[in-house]
Every structure is written in structure tokens, then in C-alpha cells.
Amino acid sequence: MRLGHWAVACLMAAMAALPVCADDSATTLAIPATTSAINSPTPLSQRVVAYDMSAKYNATAHSLEGTETLTYHNLSGQPLDTFPFHLYLNAFQPTSTWMREGKREGTRNQTFDTWDNKSNGAEEIKSFEVVGQGDFTSQLQFIHPDDDNKDDHTVVQVHLPKPIPPDGYVQFKIKFHDQFPETLERTGWNRDFVLGGQWFPKVGVWWHGAWNCHTFHAYTEFFADFGVYDVKLTVPQNEVVGAVGVEVGNVNNPDGTKTVSYHGEDVHDFAWTASPHYMNYDDTFQGSMGPVKLHIMMQPAHWSQRERHARVLKDVMDRFERWYGPYPYKTLTLVDPEPGSQAFGMEYPTFITGGTTWLEPEGFHLGSAETIEHEFGHQYWYGMVATNEFEDAWMDEGINQYTQAKVMDSLFGASASSVDLAGITWSERGLDRLFYLPTPDLDIIAKNGWQYANSDAYGNVTYGKTAVVLLTLEGIIGEDTMRRAMHTYFLRTRFTHPTKEDFLKTIEEVSGKDLRWYFNQAIYGTQVLDYAVLKIDSTPADWYKDNLKEKKGETEYVSNVWIQRKGEFAMPIDVEIKFDNGEKVRERWDGQDRWVRYEYHKKAKIESAEVDPNHKIMIDRNNFNNSQTAEKNPTPGSKIANYWQFMGQLFAQALAWWLV
Amino acid sequence: MSEHRNLISAGGNIAGRNKRYVVWFYILNLACGWIGAIAASRSIHALTDHSLYASRLLRSFDLEVFFELLGRPEIGPIGKFAAPANMMAILFLVASLVIMPGVLLGYASDHRISRDEFYRACGRNVWRFVRLFVFFLIIAGIISGILFSGLNALSNAADKTSNERLPYLVQLFGTIFILIILTVLRIWFDLAQTDVVLQDQNAVRKSIAGAFRKTRHNLVPLLASYLAVAVVALAILVSGIVLWNQIVPPYSVLGAFIVSQATLLLLLAMRFWQRAVAVAFQVREITEPVIEETNSVPVFAAVS
Numbered sequence: 001m002r003l004g005h006w007a008v009a010c011l012m013a014a015m016a017a018l019p020v021c022a023d024d025s026a027t028t029l030a031i032p033a034t035t036s037a038i039n040s041p042t043p044l045s046q047r048v049v050a051y052d053m054s055a056k057y058n059a060t061a062h063s064l065e066g067t068e069t070l071t072y073h074n075l076s077g078q079p080l081d082t083f084p085f086h087l088y089l090n091a092f093q094p095t096s097t098w099m100r101e102g103k104r105e106g107t108r109n110q111t112f113d114t115w116d117n118k119s120n121g122a123e124e125i126k127s128f129e130v131v132g133q134g135d136f137t138s139q140l141q142f143i144h145p146d147d148d149n150k151d152d153h154t155v156v157q158v159h160l161p162k163p164i165p166p167d168g169y170v171q172f173k174i175k176f177h178d179q180f181p182e183t184l185e186r187t188g189w190n191r192d193f194v195l196g197g198q199w200f201p202k203v204g205v206w207w208h209g210a211w212n213c214h215t216f217h218a219y220t221e222f223f224a225d226f227g228v229y230d231v232k233l234t235v236p237q238n239e240v241v242g243a244v245g246v247e248v249g250n251v252n253n254p255d256g257t258k259t260v261s262y263h264g265e266d267v268h269d270f271a272w273t274a275s276p277h278y279m280n281y282d283d284t285f286q287g288s289m290g291p292v293k294l295h296i297m298m299q300p301a302h303w304s305q306r307e308r309h310a311r312v313l314k315d316v317m318d319r320f321e322r323w324y325g326p327y328p329y330k331t332l333t334l335v336d337p338e339p340g341s342q343a344f345g346m347e348y349p350t351f352i353t354g355g356t357t358w359l360e361p362e363g364f365h366l367g368s369a370e371t372i373e374h375e376f377g378h379q380y381w382y383g384m385v386a387t388n389e390f391e392d393a394w395m396d397e398g399i400n401q402y403t404q405a406k407v408m409d410s411l412f413g414a415s416a417s418s419v420d421l422a423g424i425t426w427s428e429r430g431l432d433r434l435f436y437l438p439t440p441d442l443d444i445i446a447k448n449g450w451q452y453a454n455s456d457a458y459g460n461v462t463y464g465k466t467a468v469v470l471l472t473l474e475g476i477i478g479e480d481t482m483r484r485a486m487h488t489y490f491l492r493t494r495f496t497h498p499t500k501e502d503f504l505k506t507i508e509e510v511s512g513k514d515l516r517w518y519f520n521q522a523i524y525g526t527q528v529l530d531y532a533v534l535k536i537d538s539t540p541a542d543w544y545k546d547n548l549k550e551k552k553g554e555t556e557y558v559s560n561v562w563i564q565r566k567g568e569f570a571m572p573i574d575v576e577i578k579f580d581n582g583e584k585v586r587e588r589w590d591g592q593d594r595w596v597r598y599e600y601h602k603k604a605k606i607e608s609a610e611v612d613p614n615h616k617i618m619i620d621r622n623n624f625n626n627s628q629t630a631e632k633n634p635t636p637g638s639k640i641a642n643y644w645q646f647m648g649q650l651f652a653q654a655l656a657w658w659l660v
Numbered sequence: 001m002s003e004h005r006n007l008i009s010a011g012g013n014i015a016g017r018n019k020r021y022v023v024w025f026y027i028l029n030l031a032c033g034w035i036g037a038i039a040a041s042r043s044i045h046a047l048t049d050h051s052l053y054a055s056r057l058l059r060s061f062d063l064e065v066f067f068e069l070l071g072r073p074e075i076g077p078i079g080k081f082a083a084p085a086n087m088m089a090i091l092f093l094v095a096s097l098v099i100m101p102g103v104l105l106g107y108a109s110d111h112r113i114s115r116d117e118f119y120r121a122c123g124r125n126v127w128r129f130v131r132l133f134v135f136f137l138i139i140a141g142i143i144s145g146i147l148f149s150g151l152n153a154l155s156n157a158a159d160k161t162s163n164e165r166l167p168y169l170v171q172l173f174g175t176i177f178i179l180i181i182l183t184v185l186r187i188w189f190d191l192a193q194t195d196v197v198l199q200d201q202n203a204v205r206k207s208i209a210g211a212f213r214k215t216r217h218n219l220v221p222l223l224a225s226y227l228a229v230a231v232v233a234l235a236i237l238v239s240g241i242v243l244w245n246q247i248v249p250p251y252s253v254l255g256a257f258i259v260s261q262a263t264l265l266l267l268l269a270m271r272f273w274q275r276a277v278a279v280a281f282q283v284r285e286i287t288e289p290v291i292e293e294t295n296s297v298p299v300f301a302a303v304s
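Protein sequence lines correspond, in order, to chains A and B. Take 1 as the starting number for the first sequence in my numbering and just add one per residue. Take 1 as the starting number for the second sequence in my numbering and just add one per residue.
Derived by calculation from the structure, the hints in this document are not laboratory data. As the structure is a computational prediction, the values presented were derived from the model and not from experiment. Where is the CB? At the ideal position from N, CA and C, for every residue including glycine. One should not assume that every hint holds.
Stated by the list, open to error - Some but not every residue of chain A turned toward chain B, in silico, with C-beta under 10 Å:
#	residue
1	F193
2	A422
3	E610
4	P613
5	N623
6	A630
7	P634
8	L650
9	V660
Taking the hints into account, I'd like the entire structure generated from these sequences.
See the structure below:
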């Protein structure tokens with residue numbers, strides 16, 4: 001090869017390797033810096049994406065024709081030539097990974113014993129153009145980041161010949177067709193209701209030096225970048241519509257449809273709902289950053305509960321504002337979805353679904369009140385603190401479950417925050433313990449969502465175990481410190497994608513304590529905690545004397561208390577010993593050894609000994625062995641046994657009543 | 001209306017004159033319930049008797065402690081405790097089947113029958129009652145199977161509508177309807193049992209056929225009487241539970257025991273009242289026989 005040719009070849013190769021803007025127009029692209037949907041004069045997040053979408057919904061076929069213009073800002077610090085997109089609705093096909101996992105383990109009470117064609121969902125890209133680089137429809141490739149299922153079509157990837165330079169922009173123009181399933185995973189239709197969730201091609205997140213765009217799994221949720229959404233939804237004119245963001249337009253079309261437009265800022269998803277039956281109830285919450293319009297969309301049968309919904313929502317928002325930080329958006333839409341649909345209890349930015357029934361007593365907080373609290377909590381732990389729900393499900397669900405216990409306790413009282421009905425009580429933390437107890441050691445908390453042993457382990461660990469682990473942590477560092485730590489964590493990480501260590505280090509920093517011993521066991525380990533009072537004993541010091549007569553307050557006793565660590569989880573614990581003269585003694589044990597014995601010489605006998613007398617340790621697997629009394633108290637057991645006997649007798653009578 | 005009242009009051013008089021049967025059955029029911037609960041009681045006491053945590057159960061019905069108790073391996077799956085309770089329920093059923101002829105004879109008699117008469121009636125009719133029981137199971141099984149299938153179909157259809165209350169209402173009224181139908185069957189077989197005892201009828205099919213005719217011809221007064229007593233029974237059950245919940249302090253096991261057992265005793269009395277209604281009806285039928293049914297030979301006179 002001659003030198004001249006070599007030089008030309010080298011020059012061409014160098015040019016090809018250089019990052020190139022998609023085209024000249026790309027230099028004029030930008031993500032809007034508008035602030036009309038938030039109570040802030042400046043954008044709140046580093047906006048990476050701008051979605052401009054139009055969608056026409058066919059209410060008869062439950063399908064949708066959509067166009068999407070996605071502007072992406074490359075903030076990765078390096079040229080990008082590959083872009084993955086989620087096509088979530090393709091999960092609802094018999095051979096998808098989501099369905100394989102759902103069939104194997106069940107998901108959200110669905111077992112998929114037989115395949116129902118109503119469960120079919122699809123998200124088909126009709127055309128895919130990269131502005132300035134051409135049409136790539138035929139070059140799209142399905143990829144399978146988490147498994148080898150070639151039949152899964154929930155992630156598609158495009159490779160661009162011209163990389164997008166650091167800080168450059170690229171614009172995608174996509175036409176797509178959606179087929180919604182009968183509600184699955186909180187998206188789809190039921191009768192004439194639809195909830196459009198995960199319905200558009202959504203680009204992955206460049207995170208820690210790589211694309212993060214996981215296959216849609218049966219247990220996991222979502223992960224996306226912050227940005228601006230402008231969406232025009234065309235639906236039949238009889239539909240009542242609600243969606244993420246602020247409604248900015250509502251125009252009737254000559255063909256019997258109407259187009260409703262929404263604008264969202266500093267959000268990372270867009271969902272919408274439509275039904276002819278919704279009845280709207282509006283209210284306002286005075287937030288610390290400005291007024292928030294509460295748009296509550298009720299089912300007609302639940303209309304009488306509208307004020308209760310608004311009251312709970314405002315009370316919850318008040319607690320979050322005071323404890324964790326401000327809610328900055330101008331709207332919050334609360335949807336009461338179609339009864340019997342699988343669309344209840346879901347969170348999207350500024351848009352949540354609740355769920356109630358026509359008969360819900362005031363004292364039953366476990367229904368709509370808890371759901372509203374939980375889903376609003378996700379505005380913080382998912383909506384603004386946008387953790388990776390695929391990889392760190394505990395950071396949205398679990399942290400949210402912890403704050404739920406705090407908020408519900410505050411609203412309804414700690415001992416009856418879930419149920420307070422006709423003498424029956426149930427606390428939120430008790431509910432979390434019930435989640436935690438069946439599988440305390442099956443999986444660690446800090447685990448990819450799709451790699452839990454099974455559906456129960458995912459639910460019990462990410463929700464229940466995380467909540468009781470954080471409640472116990474609160475017991476270790478103090479309630480005020482924990483609240484300050486949560487507040488700091490929120491303010492620091494809102495509108496970002498924090499990691500588990502961001503959270504744990506913030507708690508250590510705010511508390512000023514090295515808590516690795518706890519995190520290593522509770523978050524990164526499967527050790528089970530179970531401390532027990534093994535034995536208590538009081539023996540007269542002069543036991544050997546003949547004719548010894550014990551006299552209360554005069555006879556001296558040698559008393560012993562044995563405390564045992566039955567589980568592998570070790571932590572310092574308090575022990576309280578009560579004597580029959582009313583005296584109480586507190587001991588602090590580091591909990592490292594397998595057991596410890598305390599000995600006392602007093603003119604009093606031991607009445608009881610109790611581990612964790614302030615009931616701060618919520619992760620103890622067995623609360624019944626945490627204490628031991630010298631005197632037998634059969635009353636609690638008799639109470640339960642009496643219930644059992646009554647039920648047995650009633651059953652026997654009913655049987656004889658009908659059969660003989 | 002007066003006919004219904006007559007039957008209800010006649011039944012009430014009979015049951016009132018023979019309260020001892022209710023007491024015996026109650027004692028049997030209590031004993032069966034107590035034995036069926038021994039295993040559960042022991043396991044529960046082993047966990048709770050020396051635990052301060054369990055004392056939370058005395059402040060309210062604390063579901064956290066209750067569910068945690070049920071979840072303990074020492075307690076195990078609830079089925080473990082359900083088995084002895086179920087066995088005792090079946091034992092109570094069998095005992096009812098065996099003893100009931102004596103009760104019916106006592107009800108039909110205008111004097112207190114001797115122990116000998118009572119047990120003889122039980123012994124003579126045990127196999128007949130077993131046959132009646134089997135017939136009832138077959139007929140009630142088929143009819144309730146058909147009715148519950150229909151109700152399920154209706155409920156599924158109601159589930160598909162957007163009216164959220166409809167499935168509840170369908171279930172509620174459907175179940176009430178089925179219970180009424182089953183009550184009619186119960187009336188039929190209560191009359192058949194009474195007929196077998198009072199007529200010393202060995203061919204139970206004749207009693208079944210006769211009772212069917214009587215039920216058909218007198219459905220309104222019989223059903224109204226049975227339903228009236230059933231409504232009283234339901235009111236007793238609801239009142240008992242409300243009393244238990246509202247009056248009895250959560251720490252009072254004795255109070256809970258007294259209210260719960262009083263409720264059970266009264267419930268049992270209601271069933272015996274229904275039995276007495278059937279006996280009163282049969283006695284009336286036998287003492288005022290219908291022309292076409294005179295071929296049967298009443299033995300009622302022998303015991304009256």
C-alpha cells in the first residue's frame with residue numbers, strides 16, 4: 001500500500017471513529033426546560049429524555065396506534081451508538097420471560113393454569129426512524145439481557161452507524177401499535193375501563209457505565225430516566241380520562257372522539273386511564289412548594305368515599321412533607337380503578353391507583369387508606385428517588401413499606417394502624433412482621449428482583465423483611481435520627497437514581513454510627529435473629545437450712561437469668577428483669593456469645609425477665625420466647641382456646657342441625 | 001297465620017316441657033367441643049402461659065399476636081388442630097343420630113317417658129335413622145349441588161358486570177334461597193324421622209313418601225314455623241357475638257366463656273324447637289288422620 005493511500009485510509013478511519021452528531025439539526029435539539037407542571041421556577045431533575053407522543057385508543061379492540069418522538073440527551077460522558085428500548089406489553093405473551101416466570105411461580109394471585117387469549121398483549125414497532133440517520137425498522141433486534149429466552153420480545157435494541165457524542169442529542173421517531181391485555185400487572189382493560197401503563201417504547205437508562213434495560217420479569221417493576229412528557233390521547237368522547245402530569249388541552253373531534261393533552265415534567269414514566277364511569281372529585285393540598293391539585297377519579301359505586309379518599313391522601317401528603325421533603329408537582333391524580341380489575345394499587349409519577357370496595361368500614365384501614373398511603377409513598381420512593389426497581393426492589397417497595405408503617409401509625413395509632421374494628425386490632429408493623437416471618441432467611445434483601453427464590457420470597461423479603469429491618473434500625477439509632485436520615489436521603493437523592501450504598505451510607509453518616517455489622521446481617525445476609533429467655537430461677541440463699549421459712553421481703557434469694565441467642569444474627573440487646581418487690585434491673589448484652597447468665601442476690605424473687613423490653617427489635621423471629629414469667633398466666637391461652645372451642649361446638653351444631 | 005302460630009307455640013310448649021333433652025345435648029356438645037380443643041389448648045398454653053408478649057391478647061383481639069401464634073411451628077398448621085375438632089363434630093353428629101329417636105318419642109308423649117322407653121326407642125330406630133340419613137345425604141347432595149352450581153354460574157355472570165354490588169347480592173340472596181330449599185328438605189326429613197318413631201315404621205321409604213306429601217300439602221305453615229325459629233336463632237347468634245364483643249372485657253375469659261356457651265345453648269334450643277314443631281305437626285296429623293292415609297297403623301296411642 002502506498003503512503004498516500006495509507007494516509008487517506010488513516011484519515012477516513014479516524015473520521016469514522018470520531019463521534020458525530022446525528023445531523024446538523026441535532027445540534028439544535030434540546031430537552032425543554034419548562035416548569036409549568038411543577039411548583040419550582042427551575043427544572044428539578046437532570047432531564048435526559050423528552051417524549052412527545054400521540055395515541056389513538058380503540059376502546060372496542062382495546063388497542064392503540066401511537067407515534068412517539070423521543071429526544072435523548074447523551075449525558076453518559078461517552079459516545080453512544082446503541083440504544084435499547086423496553087417494549088413492556090410484549091411480556092403478555094405465552095412464551096415471554098414474564099409469562100414463564102408467572103406460570104412457574106404465579107404472580108399477583110394469577111396462576112395461568114390455562115392461557116386466555118384476553119391476556120394477550122403486544123407492542124409492535126411499525127416504523128423506527130433516527131432523525132438524520134434514516135429508517136432502522138428492519139434493523140431492530142430483540143435482546144435478552146437477563147436470560148436466554150429468544151422468544152421474549154420485551155427489549156429491543158438499535159445500533160446506530162453514527163454514534164451520539166457526549167452531551168449530544170439524538171431524536172427517534174417511532175410509530176407503534178399496542179394491544180392491551182385484560183388487566184395484567186396493572187395495565188390493560190376490563191369491560192370499558194382501561195389503564196395504559198408501560199404502553200410506549202421506552203429507552204433504557206445509561207447507569208454506571210452501561211445500559212440498564214432489563215427484560216420484563218414477573219416480579220420486577222421499572223426503571224427510566226427523568227424528562228419531559230407531552231402526550232395527546234385520543235379516545236371516544238364519552239370517556240373520562242386521567243393521566244400523569246397536567247391536563248393542557250381537551251378538544252372534541254368531528255369523528256366522535258376527543259383529544260386530551262397532558263404535560264409532565266421531571267417525571268420518568270407516563271400512564272393514563274379512561275372509563276365512561278369515572279366521577280371526578282377535585283381538592284387542593286397546600287404543599288410547601290405550592291398548591292397541589294388533587295384529582296380523584298372515583299367509581300360511581302364508591303362516590304360516597306370520595307371525601308374519605310381526599311382526607312387520607314391529604315393527611316398522608318402532610319406527613320411526607322413534614323418528615324421527608326416537599327412534593328413539588330402541581331397535580332396528583334388518584335384513580336379508583338374498575339372493581340375486579342388487576343389495576344389497583346399501582347404507582348406512576350403524579351398518578352396512582354387506589355382500590356376500595358362498596359363496603360369498607362371506617363376502622364378498616366387495610367383497604368383503601370393503606371393503598372392510598374402506599375402508592376402515594378411511591379411518589380417519594382420511586383417517583384422522585386428513582387431507584388432501579390429491577391435490581392433494588394427493596395429500595396422502593398421496602399423503604400416505602402417502612403414509611404407506610406410510620407405514616408399509618410401517625411394517622412390511626414400505632415397499635416391499630418391497619419385494623420381497628422369491633423375490638424379487633426392490627427398494626428402496620430404487625431402486618432410487616434407477618435410478611436417477614438414465613439421466609440426470613442430464604443433470600444437476602446439486596447438482590448436482583450427476578451432472582452428471588454419464588455414469588456413469596458420476593459414479596460416477603462422486599463416488602464415485609466425490609467420494613468421490619470428498617471423499623472429495627474430505627475430502634476437502634478432512634479426514631480428522630482432515623483427520620484433525619486430519611487429526610488437527608490430524600491433531599492440528596494431526589495431526581496436521581498441512587499444505589500443501595502447511597503442509602504445505607506446516608507444512614508451511617510446522619511446517625512454517626514458504624515452500622516455495617518447490622519447491614520451485613522440484615523441487608524446483605526440471611527441470618528435470623530432469635531433471642532430467648534432460656535430460664536429464670538430464684539433460690540433461697542439459705543436453701544440448705546432446715547425448717548427454712550420463706551418470707552417476702554426478708555428472705556434472701558440467689559436469682560439467675562439465662563438469655564440465649566438461638567439465631568445466627570447477633571446484636572446488642574437489652575434485658576429487663578423484674579423482681580417481686582417492684583424493682584427492675586436493666587442489663588445490656590452484646591449478644592455475641594450463645595448465651596449469658598445474670599446473677600442477683602436480693603431479698604426478692606424474680607417475677608419476669610424480658611429481652612428487648614422496649615420492643616424495638618422487629619426482626620426477632622419469635623416474640624413469645626422473648627420473655628418468661630415465674631408465675632403462670634393461663635388467661636391469654638385460655639382466651640384463644642375458648643375461641644377455638646366455641647368454633648368447634650358451633651361447627652358441630654351446624655353439622656347436626658342440617659344433617660340429622 | 002294462626003296455624004303458624006299454633007305450630008310454633010305447640011312446638012315451644014313441647015320443647016319447654018322437655019328442656020332436659022336440650023341440656024343433655026348441650027352437655028354432649030360442650031364435652032365434644034372441649035375434647036376437640038384439648039390439643040390446641042395445650043399447644044397454645046405452652047407458648048403463652050409464661051410469655052409477656054401473649055398478654056397483649058388481653059388488651060384487645062390483637063391480630064398481630066394471634067397470627068404470630070398460629071404461625072409458630074409449635075402450633076403448626078391449623079389443620080393439625082382442626083382434625084380432632086372435626087372428629088368431635090362427627091361424633092356429636094352420630095350421637096345426635098342415635099339419641100334423636102328417644103327425644104322425638106319423649107316430645108310426642110304427654111308424660112315423662114322412662115329411661116327404658118327412651119333407650120328402647122333409640123335402639124329400635126337407630127338403623128332406620130341411618131337409612132334416613134343416607135337418603136337425606138343423597139337427595140340434599142344432589143339438590144344442593146345443582147343449586148350451588150347455578151349460584152356459581154350466576155355469580156360468575158354477575159362478576160362480569162360493572163355493578164360491584166351485584167356479585168355480593170347474588171351470593172347473599174342465592175345462599176338464602178338455597179338455605180330455604182334445604183330447610184324444606186330438613187322439614188321433610190324431620191317429619192319422616194318423627195313418622196318412623198311414632199308409627200314404628202320399619203319401611204323408611206313409606207315415611208319418606210308420607211312426609212313428602214305432608215310437607216307438600218302443608219309447606220307454608222311448616223316452612224313459616226321453621227324459618228321463624230331460624231330467624232330467632234340467627235338473632236341469638238348475632239346478639240351473642242355482639243354481647244361478647246361489646247360487654248365482655250377483652251381480659252375476661254370467664255365472661256367470654258359464659259356468653260359463648262349461653263349462645264350455643266340457646267342455638268341448640270332453637271333446633272330442638274324446630275324438632276318439636278315437627279312432632280307437634282305429626283301428632284296433630286296422626287290424631288286427626290287424613291282419610292287416604294288411614295292404612296298406616298299408628299303406634300302413637302301406645303305411648304300417649
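So, going through the hints one by one against the coordinates:
1. Among the interface hints, the one on A/F193 holds; its C-beta lies about 8 Å from the nearest C-beta in chain B, closer than the 10 Å criterion.
2. The beta carbon of A/A422 is positioned within 10 Å of a beta carbon in chain B (closest approach about 5 Å), and the interface hint is therefore held.
3. Given hint, A/E610 at the interface with chain B, holds; its Cβ is 6 Å from that chain's nearest Cβ, closer than 10 Å.
4. The beta carbon of A/P613 comes within 9 Å of a beta carbon in chain B, closer than 10 Å, and the hint placing it at the interface holds.
5. At about 5 Å, the closest approach between the beta carbon of A/N623 and any beta carbon in chain B falls short of 10 Å, and the interface hint on this residue holds.
6. Annotation: interface hint on A/A630 holds; nearest CB of chain B at approximately 8 Å, less than 10 Å.
7. Because the closest C-beta pair between A/P634 and chain B is about 5 Å apart, less than 10 Å, the hint holds.
8. Among the interface hints, the one on A/L650 holds; its C-beta lies about 7 Å from the nearest C-beta in chain B, closer than the 10 Å criterion.
9. Taking 10 Å as the C-beta cut-off, the interface hint given for A/V660 holds, the closest approach to chain B being about 5 Å.
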